[in-house]
Amino acid sequence: MKTITRRSFLEQSGTGIAVVSAIPAVGVAGPQDASSPDPSAAQSQVHLKVNGQDHRLEVEDRWTLAEVLRDHLELTGTRLGCDRGECGACTVLLDGKNVYSCSYLAVWADGKNITTVEGLANGEELDPLQQSFITHDGPQCGFCTSGQLMSARALLNDNPHPTEMEARQAMAGNICRCSNYNRYLESILAAAREESSRG
Amino acid sequence: MVEKLNTVGTATPRVDGLERVTGRATYSADIRLPDMLYARVLRSPHPHARVRSIDPSKALAVDGVKAVLTHDNCEIVWSSGDRANQRRLFNNPVRLVGDPVAAVAATDRHLAEEALKLIEVEYEQLDFVLTAEEALEPGAVEIYPGGNLSPLFSFTSPGPGKREPSTYVRGDVEKGLADSDKVFEGHYVSKHINNAQMEPRVAVARWEGDKLTVWTPTQGISSCHRDISTSLKIAPEKVRVICHYMGGGFGNKNQCQDSDLIAAELAKATGQPVKLELSRKEDFIGVHGRWPTSQYYTIGVKNDGTLQSIELRGYSGMGPYKKSSGDIAGIDFYSCPNIKKQVYTVFTNTAVGANFRGPPYPQGVFGLGSMMDEIAHDLKIDPVEFHLKNFTRQYRDQTPYTSSGLAECIRQGAELFEWTKRWSAAGSGPGPIKRGIGMGIGGFGSNLGRSSAVLRLDSEGTLWVHVGVTDIGTGAKTTMGMIAAEAVGIPMEKVQVISGDTDRCPYSVGESGSRTTSHTGWAIVEAAKDLKEQLAAQGPPQGDDELIAEASPAPRLQGVARVAFAAHFVEVEVDTELGGIRTVKYVAMHDSGRIINPLTATSQVKGGVIQGIGMALHEQLIYDENTGIPVNPGYYGARVMTHVDAPEVEVHFIETEDATGPFGAKAVGEPPIVPVVGAMANAVFNAIGKRIKELPMTRDKIIGASL
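Each protein sequence line maps, in turn, to chains P and F. Residues in the first sequence are numbered consecutively from 1, following our numbering. Residues in the second sequence are numbered consecutively from 1, following our numbering.
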């Protein structure tokens with residue numbers, strides 16, 4: 001019987017094509033406990049650049065990017081709401097584009113630049129979107145917030161002056177069950193104004 | 001108008017806003033402990049089956065698999081999982097697709113998932129029944145001996161009650177109908193929908209000696225603590241529940257979930273901490289959603305629109321375990337001398353029907369509000385006039401309200417919405433895209449009751465507020481801090497709120513039933529009185545000294561009812577050819593007494609309305625009738641509202657003076673969803689001139705009605 005693995009499923013379902021290059025591992029980041037790679041599972045070495053920091057890791061091929069970020073790099077600000085590419089809570093930036101990190105294998109991210117919510121602020125200085133989310137009460141329960149922020153960042157990087165409709169459409173992949181959509185939209189448009197006034 | 005205060009009433013960003021936007025907020029899933037194991041649950045693929053045998057030996061033989069629990073080695077009763085019968089963590093027979101059969105703890109989550117596949121279970125499939133009305137038919141399979149009508153539910157006396165429909169009678173409906181000029185009958189149907197809060201269920205359990213600590217997303221650390229202590233038969237002081245950040249619940253995370261208990265038992269069996277993570281699909285089928293209903297109304301009126309008689313016979317599908325009342329509510333928002341309501345709450349082989357925001361109301365107000373609109377239409381009375389004539393003046397026409405802004409909500413809402421200007425006769429638009437408007441009224445009880453608070457004032461002037469709340473997204477940490485700042489008379493910046501940990505906080509009522517502000521807020525106000533007396537007598541504390549005040553009030557309302565009210569107005573655009581419905585304008589008028597924090601209160605109303613629109617238009621858990629398998633458990637299948645679906649919701653508060661409660665605040669969280677579905681259905685009727693009587697109002701129904 002043919003076994004469908006997460007990797008083969010994601011690849012066949014057209015989510016992306018794996019590009020695995022062999023960068024020598026200089027050490028396995030993250031805590032050495034129960035979540036080290038299973039020796040019997042297929043593994044690869046990857047080089048991830050996360051929030052400006054280089055990480056060379058040995059990962060199981062079935063690990064998603066979300067899993068590696070959360071469990072191996074301890075960047076738990078990336079949330080898992082559905083783990084099946086439906087809700088957007090796990091959104092991160094991959095070479096500037098917003099992707100669902102739950103549906104993107106870590107091995108595919110080899111050599112790429114990844115930004116998570118932890119990398120949005122510049123030291124203590126918040127990204128205008130983060131400040132705007134606080135002022136305009138974007139987060140209610142806050143669980144979707146990281147993903148909303150990352151999709152909003154991708155939007156404003158791409159289109160600094162979105163119309164309301166453009167913003168709604170760009171954010172369509174990020175569900176908020178508190179349904180605080182009015183506040184998020186308000187926050188994003190206010191941040192766009194703030195950024196353009198700064199020049 | 002209410003008197004201006006210093007902190008209360010000022011729009012205040014959340015005290016933990018920074019943590020929420022930087023990813024630093026720690027949710028239960030972010031807890032990671034040394035030597036922690038990962039757990040997964042094997043669930044029944046059948047809606048009703050006897051488990052003949054379970055063989056976990058192949059799973060246990062895998063290196064790294066540490067323990068397997070099944071009904072053979074775990075007979076724990078999950079006390080909060082079912083009010084009526086004895087629900088175990090692992091049941092035999094299994095009674096729904098998703099009923100837990102076994103749980104595995106392993107060194108890795110993937111290993112745990114793979115181990116599930118190695119557990120051999122032999123099932124004997126039994127007949128099953130999916131809807132409440134079918135379950136009451138003669139010959140229907142009995143999910144429990146004695147039939148499928150569930151025992152009555154009581155908040156005050158847990159355990160099984162009599163097996164009969166819940167009944168409420170006032171006056172005499174026969175006489176009421178005889179006195180009526182016209183009688184209307186109608187049948188309305190609502191479906192099971194999932195709470196679908198963004199944070200899935202997860203539990204991390206750790207034993208240190210005989211003390212158990214559980215990190216879990218819960219809407220009430222105190223009730224969760226009590227439930228764990230009861231179910232696992234552990235002394236309360238040996239249980240600690242922690243929940244600092246929680247990713248939404250909407251009723252889905254009341255009390256403790258079986259995952260908390262399973263994690264604790266696996267941790268006990270292995271001697272290692274255990275994290276049990278539920279998948280999104282498990283959350284949809286294995287926890288609970290809003291119970292589906294079937295509602296039969298007979299309503300009598302005078303020709304001038306005065307209500308004479310309301311009779312409701314209703315059926316609610318509770319799944320096979322009864323966690324909540326199963327009531328169908330809304331009649332109390334109308335004044336009427338003769339009422340008879342009978343609700344049959346029935347066991348079915350579906351996902352459990354239990355609390356979801358405003359539990360019995362949105363579906364009840366869909367049916368009843370639609371009936372009221374039918375009557376107004378037939379009698380050619382404007383719906384706003386009809387409601388001003390018939391809205392409730394006294395609770396159940398006999399008990400005065402502590403305050404009511406309902407009339408003002410209706411009047412001012414209609415004005416702000418420009419009701420008269422937007423009104424046109426039902427179905428009169430030229431089409432194919434037709435506009436229509438609708439309205440609905442509603443509310444939610446805002447009782448007072450037992451809760452506690454501890455205040456500590458240190459020599460730096462910092463006020464430490466210990467309250468056993470969890471901030472589930474409502475902004476409770478912020479509102480509790482604001483109430484404390486106001487009551488003690490210090491600025492908000494000097495307040496620190498300590499919450500979400502049963503070892504550090506006193507009892508709190510739990511973030512359900514819109515009770516936190518009224519109950520725990522009141523406890524803060526009472527404790528503040530004591531603190532101010534101490535301050536006056538002793539002066540500010542010096543050095544290591546602190547002034548400490550505690551209050552555990554249990555106020556009871558005597559001879560009055562305390563209710564938060566709302567009236568909603570909506571305009572929709574219905575595409576009669578393609579079946580789509582777009583919300584064009586929405587005005588939500590609310591009487592929640594004094595508003596503590598206008599910023600977060602407004603957000604809650606906006607969110608509740610948009611959730612309600614999802615219920616009206618899209619959401620339902622669909623079951624395959626032949627197999628009893630739910631076919632669309634997940635966000636995509638549920639079609640919850642997204643950024644592109646959500647309209648701008650205009651929110652206004654009528655701030656009434658309510659002499660009770662902290663600074664006169666009433667409920668905010670539950671009411672916003674109550675009138676939505678009815679208002680939407682009425683707007684659709686006004687647009688197309690045909691009434692949709694079954695939720696959700698999907699394209700097929702719109703096109704079918706428009707043919």
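Keep in mind that the hints are not guaranteed to be accurate.
As the list claims (entries may be wrong) - A short list of chain P residues far from chain F (calculated; beta carbon distances all over 12 Å): (1) S40; (2) E195; (3) S197.
Claimed, not checked - Computed beta-carbon distance windows for the label pairs: (4) F:E533 / P:R193: 32 to 38 Å; (5) P:S197 / F:L5: 33 to 39 Å; (6) F:V584 / P:N122: 40 to 46 Å; (7) P:G123 / F:G461: 47 to 53 Å; (8) F:E208 / P:A41: 30 to 36 Å; (9) F:P432 / P:R193: 53 to 59 Å; (10) F:P236 / P:G199: 56 to 62 Å.
Source of the hints: derived by calculation from the structure; they are not laboratory data. Yeah, the Cβ is synthetic: ideal placement off N, Cα and C, and Gly gets one too.
task: Mind listing which of the numbered hints don't hold for this structure, in increasing order?
output: 1, 4, 7, 9
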